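**Q** One letter stands for each residue in the lines below.
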Amino acid sequence: ETGVTQSPTHLIKTRGQQVTLRCSSQSGHNTVSWYQQALGQGPQFIFQYYREEENGRGNFPPRFSGLQFPNYSSELNVNALELDDSALYLCASSLVGGATDTQYFGPGTRLTVL
Amino acid sequence: KQEVTQIPAALSVPEGENLVLNCSFTDSAIYNLQWFRQDPGKGLTSLLLIQSSQREQTSGRLNASLDKSSGRSTLYIAASQPGDSATYLCAGIYNQGGKLIFGQGTELSVKP
Numbered sequence: 008e009t010g011v012t013q014s015p016t017h018l019i020k021t022r023g024q025q026v027t028l029r030c031s032s033q034s035g036h037n038t039v040s041w042y043q044q045a046l047g048q049g050p051q052f053i054f055q056y057y058r059e060e061e062n063g064r065g066n067f068p069p070r071f072s073g074l075q076f077p078n079y080s081s082e083l084n085v086n087a088l089e090l091d092d093s094a095l096y097l098c099a100s101s102l103v104g105g106a107t108d109t110q111y112f113g114p115g116t117r118l119t120v121l
Numbered sequence: 440k441q442e443v444t445q446i447p448a449a450l451s452v453p454e455g456e457n458l459v460l461n462c463s464f465t466d467s468a469i470y471n472l473q474w475f476r477q478d479p480g481k482g483l484t485s486l487l488l489i490q491s492s493q494r495e496q497t498s499g500r501l502n503a504s505l506d507k508s509s510g511r512s513t514l515y516i517a518a519s520q521p522g523d524s525a526t527y528l529c530a531g532i533y534n535q536g537g538k539l540i541f542g543q544g545t546e547l548s549v550k551p
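Chains as they are written, first to last, in this note's numbering: chain U, 8 to 121; chain H, 440 to 551.
I should point out that these hints are in silico values taken from the structure, not numbers from a laboratory.
Just so it is clear, the structure is predicted and the values come from calculations on it, not from any experiment.
Everything hinted at is true.
Some chain H residues near chain U, calculated using beta-carbon distances under 8 Å:
1. Gly480
2. Gly482
3. Gln535
4. Lys538
5. Leu539
6. Phe541
7. Gly542
8. Gln543
9. Gly544
Ideal placement from N, C-alpha and C gives every residue a C-beta, glycine not left out.
With these hints in hand, go ahead and build the complete structure from the sequences.
**A** What follows is the structure, given as C-alpha cells:
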C-alpha cells in the first residue's frame with residue numbers, strides 16, 4: 008500500500024463528454040504527477056503539480072487540465088472526450104526536496120470512452 | 440530525444456530460474472532510474488530506485504544495476520517464483536522532481 012488513492016476505480020463515458028478523476032496523495036508529499044497508460048504501453052506523462060502550480064506538462068492537448076488543492080490532493084479533467092482517451096490514468100505522489108523523490112503510484116482509474 | 444526501451448516485450452521462464460530484464464536509455468545524463476512492477480489492471484509498485492551516483496540496489500531477490508556510460512540498466516531476479524509473474528517497467532528521470540520516462544515494459548510469466 009502506497010497511501011495514494013484514486014477515484015473512481017472505473018468509469019465509462021461517451022465521446023464528447025467531460026470527466027474528472029481524483030487523486031489523494033501520500034501524507035507529507037507535495038507533488039502529484041499524472042500519467043496515461045494505454046493498453047500494452049508504458050505510462051505517458053501528462054503533467055505535474057507542485058504546491059498547487061503546474062510544474063511541467065507532457066505532449067497532451069489543452070483539453071487535459073488539472074488542479075492541486077492546499078491538502079495536495081489533485082484532479083485531472085478531460086474535456087471533449089475522444090475514443091483514444093480510453094486508458095488507465097495513474098497519479099503518483101512524491102516529496103520534491105526531500106531525501107528521495109521516489110514517486111508512489113495509486114491504483115489507477117480505468118476510463119473507457121464509447 | 441530522451442527514450443527508454445525494454446526488450447523483450449514478453450518473457451516466459453520455468454520456476455526457480457534466475458533471470459535478467461533489460462532496460463536501455465538514450466540520454467546518459469540520467470538523474471535516477473526506477474524499476475516498477477505492475478499486475479494486470481493495477482497501478483505501479485516501486486521495486487528499486489537507483490540514483491545516478493550509484494551502480495546498483497538490492498532488495499531481497501531483486502538486484503538492479505545502472506551503467507550510465509552504456510545507457511543500460513538491468514533487473515536481476517533470483518530464484519523466480521510464479522508470484523513474480525507481472526509486467527516490469529523501468530523509468531528514467533532526468534532532474535529532481537521531474538517526470539518519469541517509461542519503457543514499454545516486459546511481461547514476465549513464471550511457470551510452475
